[in-house]
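Participant: Going by the numbering used here, the residue at position 16 of the sequence shown is 48; the numbering climbs one at a time, nothing skipped.
By construction, these hints were calculated from the structure, which means they are not laboratory data. Check before you lean on any hint, since a few could be wrong.
As the list claims (entries may be wrong) - Between beta-carbon pairs, the in silico distance windows are: (1) His78 with Glu53: 16 to 22 Å; (2) Glu74 with Ile48: 17 to 23 Å; (3) Gln45 with Tyr92: 16 to 22 Å; (4) Val59 with Cys35: 15 to 21 Å; (5) Lys58 with Gly82: 15 to 21 Å; (6) Cys71 with Arg37: 17 to 23 Å; (7) His78 with Thr54: 26 to 32 Å.
Positions of the beta carbon are idealized from the N, C-alpha and C atoms, including for glycine.
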Amino acid sequence: MRCIRFWFDSWEQVMILLHLETNKKKVLRNPKEIQRFLCAYELDLHQCKGVLEAEDRLHYFGNRSIRQR
Numbered sequence: 033m034r035c036i037r038f039w040f041d042s043w044e045q046v047m048i049l050l051h052l053e054t055n056k057k058k059v060l061r062n063p064k065e066i067q068r069f070l071c072a073y074e075l076d077l078h079q080c081k082g083v084l085e086a087e088d089r090l091h092y093f094g095n096r097s098i099r100q101r
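Construct the entire structure; sequences and hints are all you get.
Facilitator: So this is what it looks like as structure tokens:
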């Protein structure tokens, strides 16, 4: 599984995801998408004020097989 780092930018109100293998960045701006991300990792916004590292559970940076969709 691919590893990512992520944090919540409270000034811009966005969740920033960084893929460690490729250094690609994805910014989640939609509040529903941010909430979906937080639910998948069982976190809240207060826990994401610092940089966290985890597996890319939602496959933002990897290919999903048809069965995983």
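Participant: Out of the numbered hints, which ones does the structure contradict?
Facilitator: 1
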